[in-house]
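Peer 1: In case you want the letters, here they are:
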Amino acid sequence: MTSDIAAILGIDGIATGAVYALVAIGTVLIFTVTRVIFIPFGDIAAFTALTLAALDAKRFPGTGALVVILACLATLIEIISLVRAGEIRLLPRALFFYLALPLAVVGLAWLTMRAEPPLAVRLVLALMLITPIAPLLDRIVFRPIADGTVLLLLTVSVALHYALVGLGLLFFGPEGVRTEPLTSFSTEFAGVLVSGQTMLIVLAALVFSGLLYLFFDFTLVGKSLRATAVNRTGSRLMGIRPARAGTIAYLLGSLMAGVSGILIAPVNTVFYDSGFLIGLKAFVGAIVGGMTSYPGAAIGAVGVGILESFASFESSALKDVIVFSLLIPILIWRSLASLHSEEEIEE
Amino acid sequence: MTRLHVQLAAIAAVVCIALAPFVLSPFSITLMNYIGIYSLVAIGLALLTGVGGIVSFGQAAFVGIAAYATAWVSALNGYSPWLGLVFGVVLTCCVAAVLGLVTLRLQGHFLSLSTVAWGLAIGFLFGNVEGLGRFNGISSIPPISIGSFALVSSSQIYFLIWGIVAAVLLLGYNLLDSRLGRAMRALRGGNTLVESLGINAFRIKLVTFVIAAFLASLSGWLYAHMSRFISPGPFDAGMGIEYLMMSMVGGAGSLLGGVVGAAVVTLLKNSVQDYLPLIAKGASGQLEIVAFSALFILFLQWARQGIVPFVARYLPKVRRERPHPAPPLPRRAQPTPGELLLKVDGAERRFGGLVAVNNVSFEVRSGEILAVIGPNGAGKSTMFNCLTGALRVNKGEIVFAGRPITRDAQSRIAKAGVARTFQHVKLRPRMSLLENVMLGTYARTHAGLFAGAFRLNQREEASVRHEALMQLERVGLGEKPFELAGNLPLGNQRILEIARALAADPALLVLDEPAAGLRRQEKLRLAELLRSLRSDHLTILIVEHDMEFVMSLVDRIVVLDFGSKLCEGAPAAIRSDERVQEAYLGGVA
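So the sequence lines, in the order shown, correspond to chains A and B.
Residue numbering for the first sequence follows this note's numbering, beginning at 1 and increasing consecutively.
Residue numbering for the second sequence follows this note's numbering, beginning at 348 and increasing consecutively.
Certain hints may be false.
[Stated by the list, open to error] Partial selection, computed: residues in chain A whose CB lies under 10 Å from chain B:
1) 37
2) 140
3) 148
4) 159
5) 165
6) 277
7) 317
[Said to hold, decoys possible] If you want the footprint, here are the derived chain B segments under chain A, 3+ residues with CB under 8 Å:
8) 463-472
9) 586-600
10) 636-650
FYI, nobody ran anything at the bench for these hints, they're computed from the structure.
Note that CB positions come from ideal geometry on N, CA and C, so glycine has one too.
Construct all of the structure, not just a fragment, from the sequences and the given hints.
Peer 2: Structure (structure tokens):
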């Protein structure tokens, strides 16, 4: 391997890693606030790419139908649980958030679609369509078992991923998509050609990590999210609703996953099931950061991207085997490095 | 319902299954074969996940290793499938042992995530290795032959599959009811509990892990020779979660639940395949996985217990006989009264900058009750954890019965004769009083895996049961030995912990705040029990902050304050010591 090839692989790896980093930060965000290891984040990213591709092709994306179905389901569950709890006065609010708002988003997207909007608007539309999915899934799937063990939540999360892959095939079809690059700009950097897309990816990762940092440190909502992450009961006593904090975390997280999906779509062909590997690799990065640190997760994810890039140069067939085998030593290191309080397993 | 009824029911089930091929259609028999093959993996997961608390998403990889191994031996190299069985089982167990050695020390969800990792890695490997047919798989795998009789049709291999399932169930239930099985059932109580019983928790986890992999390898062998063709598909991560689902649907922790879960999931999947096309034409394949995952999620939300435990609640309870008298277990050589038993010399333990225990020295002599007391934050619990091996001291030495135990693991200290109880009671709530106490005898007994599975341990088991009943009677809980431990009130749970500790035949009994949370009457009963133990020449060390409880009970007291030893002496002297009064009351009253 010459230094030229190494440089190309390195830059390629950093670009891939930056995409993983966005998903990894979302994963950490959800985990710290809700204790859910949200495996389907990769699917959210892949769905965004598929949505954008459909919009580019002037088709209304399947995401719309998916959001409508999930919104109806979530509303139904919310109504049942409110009626059971005898809190009927909260019904209008629930109808607004779980039904009217998602439907309005889909409706808006549908109307805008007909005007054949420019790329920037299509990007916003794709993100708008994708962000309700994770919070709605949270309401349907995770809220009823919010107090379960991490393991239970993880098992449910893995099952949810499989459901989403099936839905993805149903709503987007089996064809892979590749969207047009967001920019055709490219430049030479230390003798290696760097495309504008790569720079955009890295830039987006940096900007969003920075924004998240500002959000957490300088806004009350951000602080309430951090409080929930540290102690659910304690923050509840301080008037923070963990469920609401969870919803915000899912919204933010799926926004990050959506951005990463948009960024990766012009670089890699995305299929309905591409999300799993994106999600898992991001997740490997998140584990490197101990599942609690955002910079750690970002650095870990970039590391995974670089590793994958070099591994695929050595043996493209075995690159995934290499990446996932590497997770085990990392897990051991993390497990040794973090102090655990003994936790009895639920009977 | 007596034991006889249970046996009759089991025989009836075996007869039904044996007669099934003569009644059912060939398609149903094939379905039954798949159920049997999946059951084996699900039974392994019931042991690993349900009993041992280790959630594995990667069992499909083990099935795949064995299937590919036997296919390689029989189809590609032309040897007998039986050689394939040996090779597949040995290879799978070796891989499992290595993976287990590396990953089983991981905690909680880290461990489960590692199963996702190696499950995926091994799954990818099948499709990418040159010699294993890549994604085309391996075809023309020969059938299994018994003598010259080849098991070609599905009704022939049926008997082999279900014979293996029945044998596995029988051996599995035997195992769970043995010394090793009880240790496995204790794993969910956490490492500290398991180690405090003199059990090497890591070893038990490894054994459980390898057993589960072994069952998966049997399944893989049968699968390869039944379908006669293998490809990477049935061994990927998706199948791994399906196996997990089977064991959870049936009732994690119940071996029979593995079979029931495999049956329910397989039949459900089959009917979903039948009926979905009626609802949505052309999209059935996609909807199948969606419907399936949705059902699983609903199940996890609403019925985590699983089918078998749910049904079992409505069945009459199995009546069990009280254990009969049996030859006693060998006892350890007890130290002579008055002899130096435990010596703590200059113990120091730091947490970062905080010195929790600072240069503490004291001695415990055989036959006495010594209390370590002190106000909150005095370092009592840290001292206690150092004594029992849960924490290491940074400086100083601890000698027990003439042997330094400063660097020993918890289970070694427990084996040496230090039995403990817990401030926050650690019992196995779903095990009976008797079984909880039987756990205590682990370090005194020897029956291993095979003795347990094949019931070669009956003489020792009888002694263990008898010993456990004796200890229950000794502490006054001998009336209902088959009651579940979780049903006892807190006071009795504390006493049950003492019975469990006594079953280990300890030289030193260490009690961590035994009076905490007890009502007055319960405290009096506890004090009375401890006095009666002292009259049996048992040495007791109590860590406690309840002055009243301690004063009337113990021979000597060591007072800790802010990590250092304040003073030491008889209760009366301690009571009048000004420094103690100041520590407790913040000044001489």
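Peer 1: All hints, please: hold or fail.
Peer 2: Hint check:
no. : hint    : result
1   : 37      : holds (7 Å)
2   : 140     : holds (9 Å)
3   : 148     : holds (8 Å)
4   : 159     : holds (5 Å)
5   : 165     : holds (7 Å)
6   : 277     : holds (9 Å)
7   : 317     : holds (4 Å)
8   : 463-472 : holds (count 7)
9   : 586-600 : holds (count 4)
10  : 636-650 : holds (count 9)
Violation of the numbered hints given earlier is absent; every hint is satisfied by the structure.
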